[in-house]
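My request is simple: use the sequences and hints to build the entire structure.
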Amino acid sequence: MTDFKNLDISTAKECLLKKEFSSLELTEFFIDRIKKSNLNCFITNTFENAIEMAKESDKKISRNREIRDLEGIPIGMKDLFCTKGVRTTAGSKILENFVPFYESTVSNNLISDGAVILGKTNMDEFAMGSANTTSFFGNVINPLKSSEENTKDLVPGGSSGGSASSVAANLCMAATGSDTGGSIRQPASFCGLVGLKPTYGRCSRFGMIAFASSLDQAGPITKTVKDAALMLQSMSSYDEKDSTSSRKPIPQYLDFLNFDIRGKKIGLPTEYKVEGLNSDIVKVWDDTINLFKKNGAEIVNISLPHTSFALPTYYIIAPAEASANLARYDGVKYGFRENSDDLEDMYELTRAKGFGDEVKRRLMIGTYVLSAGYYDAYYLKALKVRQLISDDFKSAFEKCDVILTPTTPNVAFPIGEKQNDPIEMYLNDVLTVPASLAGLPAISVTAGKNSNNLPIGMQVIGRPFDEISILAAGKLIEEYRSFL
Amino acid sequence: MSYLIDGKTGKWELVMGLEVHAQIKSNSKLFSKASTFWGGKPNSQVELVDSGMPGALPVINEYCVDQAIKTGLSLNAKINKKSIFDRKNYFYPDLPQGYQISQFEHPIVGNGFLVIETEDGQKRIGITRIHLEQDAGKSIHDQDNQNSFIDLNRSGCALMEIVSEPDLNSPQEAAQYVKKLRAILRCIGSCDGNMERGNLRADVNVSVRKPGQKLGTRCEIKNVNSIKFIQQAIEYESRRQVELIENGQNISQETRLFDPNNGETRTMRGKEESHDYRYFPDPDLPPLVVNDDRIEKIKNELPELPDEKKKRFKEQYKLKDYDAEILVEDQFVSSFFEELAEKRDSKIVVSWVTVELFSYLKKKDAQLQDSKIKSKKIGDLLDLIINGSISNRQAKEIFEEYIETDLEASDFIKKKGVKQVSDKSEIEALIKSVLQKNVEMVNDYKKGKDKLFGFFVGQVMKESKGKANPQLVNQVLKDLLSK
Amino acid sequence: MSIDNKTVRKVSKLAKIRINEQEEKKLIEELNNILGWVDELKKVDTEKIEPMLSVFNESMVMRRDEVFSETSDELVLKNAPESKSGFFVVPKVVE
Ligand SMILES: [Mg+2]
Ligand SMILES: [Zn+2]
Numbered sequence: 001m002t003d004f005k006n007l008d009i010s011t012a013k014e015c016l017l018k019k020e021f022s023s024l025e026l027t028e029f030f031i032d033r034i035k036k037s038n039l040n041c042f043i044t045n046t047f048e049n050a051i052e053m054a055k056e057s058d059k060k061i062s063r064n065r066e067i068r069d070l071e072g073i074p075i076g077m078k079d080l081f082c083t084k085g086v087r088t089t090a091g092s093k094i095l096e097n098f099v100p101f102y103e104s105t106v107s108n109n110l111i112s113d114g115a116v117i118l119g120k121t122n123m124d125e126f127a128m129g130s131a132n133t134t135s136f137f138g139n140v141i142n143p144l145k146s147s148e149e150n151t152k153d154l155v156p157g158g159s160s161g162g163s164a165s166s167v168a169a170n171l172c173m174a175a176t177g178s179d180t181g182g183s184i185r186q187p188a189s190f191c192g193l194v195g196l197k198p199t200y201g202r203c204s205r206f207g208m209i210a211f212a213s214s215l216d217q218a219g220p221i222t223k224t225v226k227d228a229a230l231m232l233q234s235m236s237s238y239d240e241k242d243s244t245s246s247r248k249p250i251p252q253y254l255d256f257l258n259f260d261i262r263g264k265k266i267g268l269p270t271e272y273k274v275e276g277l278n279s280d281i282v283k284v285w286d287d288t289i290n291l292f293k294k295n296g297a298e299i300v301n302i303s304l305p306h307t308s309f310a311l312p313t314y315y316i317i318a319p320a321e322a323s324a325n326l327a328r329y330d331g332v333k334y335g336f337r338e339n340s341d342d343l344e345d346m347y348e349l350t351r352a353k354g355f356g357d358e359v360k361r362r363l364m365i366g367t368y369v370l371s372a373g374y375y376d377a378y379y380l381k382a383l384k385v386r387q388l389i390s391d392d393f394k395s396a397f398e399k400c401d402v403i404l405t406p407t408t409p410n411v412a413f414p415i416g417e418k419q420n421d422p423i424e425m426y427l428n429d430v431l432t433v434p435a436s437l438a439g440l441p442a443i444s445v446t447a448g449k450n451s452n453n454l455p456i457g458m459q460v461i462g463r464p465f466d467e468i469s470i471l472a473a474g475k476l477i478e479e480y481r482s483f484l
Numbered sequence: 001m002s003y004l005i006d007g008k009t010g011k012w013e014l015v016m017g018l019e020v021h022a023q024i025k026s027n028s029k030l031f032s033k034a035s036t037f038w039g040g041k042p043n044s045q046v047e048l049v050d051s052g053m054p055g056a057l058p059v060i061n062e063y064c065v066d067q068a069i070k071t072g073l074s075l076n077a078k079i080n081k082k083s084i085f086d087r088k089n090y091f092y093p094d095l096p097q098g099y100q101i102s103q104f105e106h107p108i109v110g111n112g113f114l115v116i117e118t119e120d121g122q123k124r125i126g127i128t129r130i131h132l133e134q135d136a137g138k139s140i141h142d143q144d145n146q147n148s149f150i151d152l153n154r155s156g157c158a159l160m161e162i163v164s165e166p167d168l169n170s171p172q173e174a175a176q177y178v179k180k181l182r183a184i185l186r187c188i189g190s191c192d193g194n195m196e197r198g199n200l201r202a203d204v205n206v207s208v209r210k211p212g213q214k215l216g217t218r219c220e221i222k223n224v225n226s227i228k229f230i231q232q233a234i235e236y237e238s239r240r241q242v243e244l245i246e247n248g249q250n251i252s253q254e255t256r257l258f259d260p261n262n263g264e265t266r267t268m269r270g271k272e273e274s275h276d277y278r279y280f281p282d283p284d285l286p287p288l289v290v291n292d293d294r295i296e297k298i299k300n301e302l303p304e305l306p307d308e309k310k311k312r313f314k315e316q317y318k319l320k321d322y323d324a325e326i327l328v329e330d331q332f333v334s335s336f337f338e339e340l341a342e343k344r345d346s347k348i349v350v351s352w353v354t355v356e357l358f359s360y361l362k363k364k365d366a367q368l369q370d371s372k373i374k375s376k377k378i379g380d381l382l383d384l385i386i387n388g389s390i391s392n393r394q395a396k397e398i399f400e401e402y403i404e405t406d407l408e409a410s411d412f413i414k415k416k417g418v419k420q421v422s423d424k425s426e427i428e429a430l431i432k433s434v435l436q437k438n439v440e441m442v443n444d445y446k447k448g449k450d451k452l453f454g455f456f457v458g459q460v461m462k463e464s465k466g467k468a469n470p471q472l473v474n475q476v477l478k479d480l481l482s483k
Numbered sequence: 001m002s003i004d005n006k007t008v009r010k011v012s013k014l015a016k017i018r019i020n021e022q023e024e025k026k027l028i029e030e031l032n033n034i035l036g037w038v039d040e041l042k043k044v045d046t047e048k049i050e051p052m053l054s055v056f057n058e059s060m061v062m063r064r065d066e067v068f069s070e071t072s073d074e075l076v077l078k079n080a081p082e083s084k085s086g087f088f089v090v091p092k093v094v095e
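Residue numbers (this note's numbering), protein chains in the order written: chain G, 1 to 484; chain H, 1 to 483; chain C, 1 to 95.
Simulated from the structure, these hints should not be mistaken for lab results. Computed from a prediction, not measured in an experiment: that's the story for all the values here.
Here are the simulated DSS-like pairs of lysine-lysine, each with C-alpha atoms no more than 30 Å apart in a straight line: (1) 462(H) - 446(H); (2) 78(C) - 84(G); (3) 78(C) - 138(H); (4) 418(G) - 26(C).
Listed below in structure tokens is the structure:
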């Protein structure tokens, strides 16, 4: 079998069209690898479907007709996207046996563009987590290892941990993720990949199981920046089924290849030099700044004064929305039910047994901050601070074109760490959450490695709907990261 | 204030506000494309939003928005150009999302009013607000000892919640208010107002107080679905409250249910424990913004409203207040009346519509709109009365049968042999024979016992088997008796 | 504002999540920690700030009043834990 390990999407596409290999070969290669993998990346495999889809693609290619943008490219689908006829769990026991009879818009877009779906990737339960340790279907393991001796398995990051780990382990060419507070960017960073969270409203939320509706946004996890552009092109659409879907025209994302970074202003927010920022990461950040300088960009210091309030704001708004979004899991219409003669018991036991600890913790918080007497002090306050955070970015973008920061304060850590104190886990998202609150597009690209050979990601945040600029900045980082 | 409750300690006043839920007459639901058709197979009109499927998202129905605006304009209310949808959170098996999408702080319609007729004349009842919200599904509790059954066909249908000020002070006023509101909704077509089907239902907030004192604690009676029940519920509930207070007990603010079987209200179990709806803006829905053009367009398309129509009916057709009021209560009835009155004496028409037709419909438990009765059908019969072919009484006697036959009016009376004798000599002969049979009475009459005139008329009509033209009988009888 | 066991019980009732005594204890501690941490927000002056409801700045598109079905009663009931004669079935509700 040919080794397709280090293939990116555009190369694969070229080879497929030249008939150097078939989609079936490519698909079988990844199926074989998934079967042999023990990283627990997939909750549900759809190999039979995948083989059918690959054959279909090969037919189109051999006839040289109706060839679509992602024809025959095998990918993973985060188990947050409802897939028609294929079990969709959101990583939760409460949806363990749920089979949607409808297709999410994002998965539908990818399938319509010829992508071959290998299976549903593991994730933190209802996307609540930063290490992929809250899934009912078990932890996901990061294929990367620390160069230290006798080290434990590392987390892949979360919540799109199964997606990131599977791309990093060459179990698929790319995967979908969803990002509420960093769930695409942080795992991409931990696994040495590219992760892109588009502007809120760019990808439809229809059929994507909701965590926090005002923040949730789908996006790709890929090996390269160019692949991210290709995936994003397919995933984006205006969708009349989603009232928060943007009607702004969708650009040709590959245009980022012609984007000239010279003369562009790169903003450095002083507030992102947070406490506990790992020194290796600071070093890579500095190197990346120099890289931009060397390539003709202008570095400007900016201030995002409310940065330190972003995480507490997020941990009020997201659980509050979740407490309503997850109320539908009540044992009545679908999913797990704990039987009882009494309705109250049925509700309370179904939810007590169907949800894991982290989900329950957030539902409790969310319920509390919305309840009578606390709404103003917590929820309303958080909405106001969210406005301030958003305003910070607005003023910053008057001075710069993109903002450059690290993606995470630390590299991937061993499974089992940071489990005792929820807040310690939440701090993983301290650098990604502000852009989420402001609905801005942001990309994470691996920019270097720490002394133990673990990847360090840099985050580039852009203006609303300016995905092209962050792709271009990401491309520069990707091209020159060998300098380390 | 004319309505007071007699208690042991004196008179009590009744203070009420109503929250009326009116289902908008639309093809599809408020946030989904499912049909609103009534009476379908259970769970057959349920799209993703209506069953709370994971990943489902709401998309608003523009027609429903327009109906809320139209209703607001008809109730002299302010339309809010920007309104917000909120989630009202609670668990119930027929609430599939675990929350109802409603409007809390920023409803689409603000302050307005409507006018009702009371014993003391006209009274203005304030409207606090109208908001748009989703209906819940239907639970069936009485089919099984262990289980309840859930049908989500109604889930997600568009409701307008029309909230009144606490301006109502008697069961009659509450009834008048609902009737007037229903008339307006039907007239503009935003709601069918069919209370049996539950597409118009009221939550009644009842409190009592000693005249002039501050408002008492109120109880909310949920989902009362007929005007008669509203009145019964209020009568029972207000007396219950008076008795409690007079016995030194407190009224606890609670939700109650009306039981039509015994005419009583009772505490609703379950709902009370957690009365914390945790409203917050629905992040799935941007603010609802309507512009002036839209509002202006709807305003220009408003039909003649019941109050205007009533005024016109009184002038144009010389109707009594009472008759005009009941004719304008139903849009369909008022058009039916106008079709009949176009070329006929409105006096005959109004009595035939409000007496004969209405009692027929009542007997059949039907609405004019749903019955297949056409105005021509009634008109043809009236024309036979007017041209003297049959008498009013004859027409009444055959009315029910006539309505149910397919025969033309003239053919039908021919077939039935119903005919009015209007031949003067024939009638004279009849009268003479009656007078000859009752010579003594004729003498009594001539001595001044005027009342016997009616007796003679009756006898003549009887003799003619009801076929004699009553006017002619009267006239000829008078002539003959005065000789 | 600190959370005591009464509050935790009330919230668990509202959220319809049964908790045992052990979980209750743990939750009191965790929730207090988290709320203590988010209390940080009190430092921000938001007196003149409007709450941000969404980052979505476009107007809401309204749909036409047309019926369209992508489901059926069979599909709707397909995943139900219990159903009978076309209805969802739940433990009896007492009103
Ligand atoms: Mg109410
Ligand atoms: Zn309501």
